[in-house]
Amino acid sequence: MTWRRALYLLPLVGFVALAAYFFYGLSSGYNPELLPSALIDKPAPQFQLAGLNGAVPLTNQDFTGQVVFVNFFASWCAPCREESPILMDLARRNVIQLYGIAYKDKPADATKYLKEYGDPYRRVGVDETGRTAINFGVYGVPETYAIDRNGHIRWRFVGPLTPQAVQSQLMPLLKKLGAS
Amino acid sequence: MIRAVVVAALLLGFVPAALAVEPGEMLANPQLEARAEAIGKQLRCLVCQNESIEDSNADLAHDLRVLIRNRLTAGDTDAQAIKFVTDRYGDFVLLKPPVEPATYVLWFSPFAILTIGALGAWLYIRHRRPVPPDEPLDLNQRRKLERLLLEDQ
Amino acid sequence: MIIELGHFALILALPVAVLQAGLGLAGAARGDWNAMAAARTAALAQFILIALAFATLVHAYVVSDFSVLNVAENSSLQKPLFYKLTSVWGNHEGSMVLWVLILSLYGAAVAWFGDAMPPRLCARVLGVKGLVAIGFLLFILFTSNPFLRLDPAPANGQGLNPILQDPGLAFHPPFLYLGYVGNAVAFAFAVAALIEGRVDATWARWVRPWTLASWCFLTVGIAMGSWWAYYTLGWGGWWFWDPVENASLMPWLAGTALIHSSIVVERRDTLKSWTVLLAILTFSLSLVGTFLVRSGVLTSVHAFALDPRRGVFILALLVVAIGGSLTLYAMRAPRLQPGGLFAPISREGALVLNNVVLAACCATVFIGTLYPLFLDAVGGPKLSVGYPFFDRTFVPLVIPLLLAVGIGPLLAWKRGDLLGALQRLWAAFAVAIVVVLIGLYVERGGPVLAVLGLGLAAWMAMAAAVEVADRVRLFRAPWPEVWRRAINQPRASYGMSLAHFGLAVTVAGISASAFQQQRIVMMHLGDQTQLAGYTLRFDGIGKHDGNNYTADVAEFTLLDGSRVIAHLAPQRRFFPLQQQTVSKTSIHTNLLADFYLALGDPDGKGGWAVRAYWKPLVPFIWIGGVIMAFGGAVSLSDRRWRVGVAARRAARAALPARGSGA
Numbered sequence: 020m021t022w023r024r025a026l027y028l029l030p031l032v033g034f035v036a037l038a039a040y041f042f043y044g045l046s047s048g049y050n051p052e053l054l055p056s057a058l059i060d061k062p063a064p065q066f067q068l069a070g071l072n073g074a075v076p077l078t079n080q081d082f083t084g085q086v087v088f089v090n091f092f093a094s095w096c097a098p099c100r101e102e103s104p105i106l107m108d109l110a111r112r113n114v115i116q117l118y119g120i121a122y123k124d125k126p127a128d129a130t131k132y133l134k135e136y137g138d139p140y141r142r143v144g145v146d147e148t149g150r151t152a153i154n155f156g157v158y159g160v161p162e163t164y165a166i167d168r169n170g171h172i173r174w175r176f177v178g179p180l181t182p183q184a185v186q187s188q189l190m191p192l193l194k195k196l197g198a199s
Numbered sequence: 004m005i006r007a008v009v010v011a012a013l014l015l016g017f018v019p020a021a022l023a024v025e026p027g028e029m030l031a032n033p034q035l036e037a038r039a040e041a042i043g044k045q046l047r048c049l050v051c052q053n054e055s056i057e058d059s060n061a062d063l064a065h066d067l068r069v070l071i072r073n074r075l076t077a078g079d080t081d082a083q084a085i086k087f088v089t090d091r092y093g094d095f096v097l098l099k100p101p102v103e104p105a106t107y108v109l110w111f112s113p114f115a116i117l118t119i120g121a122l123g124a125w126l127y128i129r130h131r132r133p134v135p136p137d138e139p140l141d142l143n144q145r146r147k148l149e150r151l152l153l154e155d156q
Numbered sequence: 004m005i006i007e008l009g010h011f012a013l014i015l016a017l018p019v020a021v022l023q024a025g026l027g028l029a030g031a032a033r034g035d036w037n038a039m040a041a042a043r044t045a046a047l048a049q050f051i052l053i054a055l056a057f058a059t060l061v062h063a064y065v066v067s068d069f070s071v072l073n074v075a076e077n078s079s080l081q082k083p084l085f086y087k088l089t090s091v092w093g094n095h096e097g098s099m100v101l102w103v104l105i106l107s108l109y110g111a112a113v114a115w116f117g118d119a120m121p122p123r124l125c126a127r128v129l130g131v132k133g134l135v136a137i138g139f140l141l142f143i144l145f146t147s148n149p150f151l152r153l154d155p156a157p158a159n160g161q162g163l164n165p166i167l168q169d170p171g172l173a174f175h176p177p178f179l180y181l182g183y184v185g186n187a188v189a190f191a192f193a194v195a196a197l198i199e200g201r202v203d204a205t206w207a208r209w210v211r212p213w214t215l216a217s218w219c220f221l222t223v224g225i226a227m228g229s230w231w232a233y234y235t236l237g238w239g240g241w242w243f244w245d246p247v248e249n250a251s252l253m254p255w256l257a258g259t260a261l262i263h264s265s266i267v268v269e270r271r272d273t274l275k276s277w278t279v280l281l282a283i284l285t286f287s288l289s290l291v292g293t294f295l296v297r298s299g300v301l302t303s304v305h306a307f308a309l310d311p312r313r314g315v316f317i318l319a320l321l322v323v324a325i326g327g328s329l330t331l332y333a334m335r336a337p338r339l340q341p342g343g344l345f346a347p348i349s350r351e352g353a354l355v356l357n358n359v360v361l362a363a364c365c366a367t368v369f370i371g372t373l374y375p376l377f378l379d380a381v382g383g384p385k386l387s388v389g390y391p392f393f394d395r396t397f398v399p400l401v402i403p404l405l406l407a408v409g410i411g412p413l414l415a416w417k418r419g420d421l422l423g424a425l426q427r428l429w430a431a432f433a434v435a436i437v438v439v440l441i442g443l444y445v446e447r448g449g450p451v452l453a454v455l456g457l458g459l460a461a462w463m464a465m466a467a468a469v470e471v472a473d474r475v476r477l478f479r480a481p482w483p484e485v486w487r488r489a490i491n492q493p494r495a496s497y498g499m500s501l502a503h504f505g506l507a508v509t510v511a512g513i514s515a516s517a518f519q520q521q522r523i524v525m526m527h528l529g530d531q532t533q534l535a536g537y538t539l540r541f542d543g544i545g546k547h548d549g550n551n552y553t554a555d556v557a558e559f560t561l562l563d564g565s566r567v568i569a570h571l572a573p574q575r576r577f578f579p580l581q582q583q584t585v586s587k588t589s590i591h592t593n594l595l596a597d598f599y600l601a602l603g604d605p606d607g608k609g610g611w612a613v614r615a616y617w618k619p620l621v622p623f624i625w626i627g628g629v630i631m632a633f634g635g636a637v638s639l640s641d642r643r644w645r646v647g648v649a650a651r652r653a654a655r656a657a658l659p660a661r662g663s664g665a
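Residue numbers (my numbering), protein chains in the order written: chain L, 20 to 199; chain W, 4 to 156; chain G, 4 to 665.
If you're looking for bench data, these hints aren't it; they were derived computationally from the structure. Any given hint could be a false lead.
Claimed, not checked - Heads up, simulated SDA-like pairs for lysine to any residue below, C-alpha to C-alpha not over 20 Å straight-line:
| id | chain 1 | residue 1 | chain 2 | residue 2 |
| --- | --- | --- | --- | --- |
| 1 | W | LYS99 | L | ALA57 |
| 2 | W | LYS44 | G | ALA366 |
| 3 | W | LYS44 | G | PRO391 |
| 4 | G | LYS385 | W | GLY123 |
| 5 | G | LYS385 | L | LYS125 |
| 6 | G | LYS385 | W | LEU126 |
| 7 | W | LYS44 | G | MET120 |
| 8 | W | LYS99 | G | GLN520 |
| 9 | W | LYS99 | G | LEU528 |
| 10 | W | LYS86 | G | PHE11 |
| 11 | G | LYS546 | G | GLN582 |
| 12 | L | LYS61 | W | LYS44 |
| 13 | W | LYS44 | G | ALA453 |
| 14 | G | LYS385 | L | ASN154 |
| 15 | W | LYS86 | W | VAL69 |
| 16 | G | LYS385 | W | VAL69 |
| 17 | G | LYS608 | W | LYS44 |
| 18 | L | LYS125 | W | LEU97 |
| 19 | W | LYS99 | G | LEU331 |
| 20 | W | LYS99 | G | PHE377 |
| 21 | W | LYS86 | L | PRO62 |
| 22 | G | LYS385 | W | ILE85 |
| 23 | G | LYS385 | L | ALA57 |
| 24 | L | LYS61 | L | PHE42 |
| 25 | W | LYS86 | L | PRO55 |
| 26 | G | LYS385 | W | ALA105 |
| 27 | G | LYS385 | W | LEU97 |
| 28 | G | LYS385 | W | TYR107 |
| 29 | G | LYS608 | G | THR532 |
| 30 | L | LYS61 | W | TYR107 |
| 31 | L | LYS134 | L | ALA110 |
| 32 | W | LYS99 | G | ILE370 |
| 33 | W | LYS86 | L | ASP60 |
| 34 | G | LYS385 | L | ASP81 |
Since we're looking at a predicted model, the values are computed, not measured.
Construct the entire structure; sequences and hints are all you get.
Dropping the structure here:
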């Protein structure tokens with residue numbers, strides 16, 4: 020085969036490479052929409068938020084020395100309702116320490132929402148301006164973060180948690196962080 | 004684009020959106036405002052497709068616009084204000100990807116392809132013998148041409 | 004029962020497509036005339052069946068038959084009839100049926116006009132189209148079937164995304180599909196030619212009308228989409244380089260290259276294997292455009308729900324269609340013998356330059372769209388590739404092409420005279436310089452690039468005019484002769500001049516968008532504000548009850564001094580079913596500039612956020628697109644492409660032809 024003939028093979032070779040990449044993308048279940056957090060393995064942002072219903076403010080200090088999960092939610096967010104039973108289940112089984120941050124929500128609405136759908140959180144802070152969420156790099160609710168004993172963000176999950184995500188991501192992570 | 008925002012809004016929860024830059028957000032100082040707009044044009048609205056936060060009506064874009072304006076008013080340089088956002092959201096928010104080893108292929112391939120294409124075309128044309136100047140048609144050819152032209156009319 | 008009839012018709016179309024493919028390809032291979040004729044009948048039957056299926060789906064939407072899942076998910080009782088109709092293709096499943104409908108329409112057209120074509124070529128083209136149809140019918144029936152029932156039927160449907168409820172967007176997909184799917188004809192011709200192992204001037208003539216037609220549709224489709232974005236988004240953006248737009252731009256760029264390179268095949272019997280490759284690539288990019296992006300496999304815009312089965316099916320289709328044709332290409336293309344020689348400076352040379360640049364532009368869009376996903380998939384950083392990237396790559400690539408557009412048509416075939424062409428273009432050059440100087444003076448300290456863009460547009464527009472004047476020997480021959488020449492010019496050459504002129508108009512519009520002025524203010528009743536020398540007065544606000552929305556309607560008066568120019572009424576529409584607010588802008592245009600007004604949120608204290616823009620020359624962007632498409636249509640009407648002329652004219656192609664373009 021001369022080099023000239025090889026030239027005619029180029030388009031095919033290029034396409035095969037592309038198709039292989041598409042196939043990899045499809046079969047690995049890779050989701051281009053999922054953005055990794057820029058804060059993974061970095062210290063969680065400092066914050067101090069008003070507690071829901073006049074409770075003491077929620078701050079980073081509350082987390083020191085523990086592995087905690089922070090869930091951003093809102094009463095106006097439909098997917099949060101979808102996620103609620105899973106969070107409730109985790110709370111009931113007492114497997115994680117879950118804190119809630121109500122994103123861009125009025126305290127009264129958040130209270131009503133938690134009454135209606137159940138309150139899986141140890142405590143809830145109210146982020147009315149959304150500034151704390153921005154510091155975490157939140158771009159939509161719900162989002163869930165894991166913070167280790169040293170106050171570093173180790174995991175972020177975008178969108179409603181699913182039983183699969185709990186099994187395949189959250190539980191192994193918990194094991195890892197609990198052991199270290 | 005807006006369609007992406009709308010669809011995304013159904014999936015993730017977003018506060019119902021207003022229009023892009025709102026009067027209340029704008030800074031009184033026109034120079035600062037111009038800088039803020041220039042920065043905003045460089046940053047991607049995270050929940051949209053290729054729309055800048057300056058042009059997006061997503062709620063998060065609004066918050067980021069306000070934030071950038073606050074930072075500039077507080078005395079941040081443009082680079083500091085942009086870094087404030089990339090620290091939280093990563094390089095993903097930059098509509099112009101940084102030029103770094105991972106993006107060399109992206110940045111240089113357009114011109115590389117043009118160069119290779121132009122070179123290939125040049126070689127293709129040159130590789131074949133140069134064209135002899137047009138010879139005048141001989142009598143037979145001229146007749147044939149006339150016949151064809153006639154047929155055409 | 005009606006919907007089952009449609010379902011059945013669509014299922015029946017599948018064996019008919021198998022027949023069309025088998026009879027067409029085998030018939031041509033064996034020289035069996037009956038089989039070849041039957042393939043044509045099958046193509047017509049295919050169209051009738053799919054049209055029937057589509058009609059029943061339309062019927063289901065019109066009568067709001069919510070027992071059909073697809074209707075229940077995408078329509079509602081409150082929707083105006085017009086949008087009930089357009090929601091047929093406003094969703095994935097319905098749009099797929101439209102896709103195969105158009106595919107079969109083109110197939111039927113090829114079969115209908117097939118009498119004048121070499122029968123084998125016609126049979127092979129239909130055979131290849133049959134293969135494509137089989138793939139997509141299977142795709143619809145197994146993964147995206149719009150004819151499924153829902154039991155029990157809901158009382159009302161879920162409605163259509165309010166954003167889609169718009170005349171501009173309603174007709175955008177059909178045009179886009181007419182363009183995309185039209186490229187399947189050129190593709191089928193290319194594959195048929197590879198099977199036959201022969202590409203010649205006749206072949207190029209046969210492909211050309213189809214390529215031109217789909218290019219025109221695609222041009223209109225893209226322009227429509229961009230215009231829709233412009234008036235919908237509330238700030239007048241018209242192009243975002245987002246994956247969906249890029250997906251339509253890529254086949255357009257490749258198709259533009261194809262209509263230029265096929266001229267070289269037709270006239271000079273060379274660039275054959277490249278042209279065949281372009282035909283394959285153009286359709287491949289159309290497929291990528293329709294499926295990979297729309298199905299969400301790549302970008303996951305969630306425009307259509309992602310179903311992994313669909314993704315795998317689509318990929319398999321792409322592998323068979325594109326991989327198969329490229330394999331055939333690798334095997335057969337080396338045998339295509341190149342014909343006429345030419346010098347670098349010649350019409351052919353200019354067309355090669357056109358192809359090199361367009362291919363590089365297309366590759367740039369391709370890489371810009373896919374690279375972030377590629378990098379992400381291999382574990383690299385997450386990136387966005389937005390307009391700043393394309394401004395720095397695509398734009399500089401295009402500039403030499405825009406310069407060459409003016410010169411190319413004035414070069415002779417085989418060996419051109421660059422200096423002579425430039426001399427004839429002195430007037431165009433002078434006008435361009437004057438435009439740039441005036442621009443720089445008026446816009447002191449303004450955007451220099453935009454001024455240069457205007458100069459470039461003036462150059463192209465003038466060059467197109469000079470070229471026509473040159474052809475008819477304007478001012479150089481007596482008037483009767485000029486008149487006679489003007490009448491006798493082939494339409495194709497006017498088509499070319501028009502299309503190039505349209506491109507100039509678009510470039511002017513794009514460049515001038517840098518000069519826009521804006522005012523974003525909170526206004527109360529009776530307030531006035533100034534913009535670009537005009538006065539805008541806020542006269543009132545009222546409520547309007549639409550069929551499936553309620554709207555705040557503001558009334559504004561636009562004044563020039565004290566003279567009333569226009570009344571503007573931007574709206575904010577609220578769709579209760581979807582809980583969405585959509586802004587309806589109000590635009591006053593005099594075709595040279597737009598005054599663009601959008602109504603924002605109220606502040607609760609009687610003030611309303613108002614966004615006003617003055618956008619000079621912005622209508623040129625779309626007017627230019629329409630002129631380009633019109634140029635294509637004029638070229639299409641050239642009698643040379645008409646049925647029966649091609650074969651006779653082919654004999655002439657061998658003779659040196661000078662002075663008529665395409």
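We went through each hint and held it up to the structure:
no. : hint                   : verdict
1   : LYS99/W with ALA57/L   : holds (18 Å)
2   : LYS44/W with ALA366/G  : violated (25 Å)
3   : LYS44/W with PRO391/G  : holds (9 Å)
4   : LYS385/G with GLY123/W : violated (34 Å)
5   : LYS385/G with LYS125/L : violated (34 Å)
6   : LYS385/G with LEU126/W : violated (39 Å)
7   : LYS44/W with MET120/G  : violated (54 Å)
8   : LYS99/W with GLN520/G  : violated (24 Å)
9   : LYS99/W with LEU528/G  : violated (42 Å)
10  : LYS86/W with PHE11/G   : violated (60 Å)
11  : LYS546/G with GLN582/G : holds (18 Å)
12  : LYS61/L with LYS44/W   : violated (28 Å)
13  : LYS44/W with ALA453/G  : holds (18 Å)
14  : LYS385/G with ASN154/L : holds (19 Å)
15  : LYS86/W with VAL69/W   : holds (15 Å)
16  : LYS385/G with VAL69/W  : violated (25 Å)
17  : LYS608/G with LYS44/W  : violated (30 Å)
18  : LYS125/L with LEU97/W  : violated (32 Å)
19  : LYS99/W with LEU331/G  : violated (39 Å)
20  : LYS99/W with PHE377/G  : holds (17 Å)
21  : LYS86/W with PRO62/L   : holds (17 Å)
22  : LYS385/G with ILE85/W  : holds (17 Å)
23  : LYS385/G with ALA57/L  : holds (10 Å)
24  : LYS61/L with PHE42/L   : violated (34 Å)
25  : LYS86/W with PRO55/L   : holds (17 Å)
26  : LYS385/G with ALA105/W : holds (11 Å)
27  : LYS385/G with LEU97/W  : holds (10 Å)
28  : LYS385/G with TYR107/W : holds (15 Å)
29  : LYS608/G with THR532/G : holds (19 Å)
30  : LYS61/L with TYR107/W  : violated (28 Å)
31  : LYS134/L with ALA110/L : holds (15 Å)
32  : LYS99/W with ILE370/G  : holds (14 Å)
33  : LYS86/W with ASP60/L   : holds (18 Å)
34  : LYS385/G with ASP81/L  : violated (32 Å)
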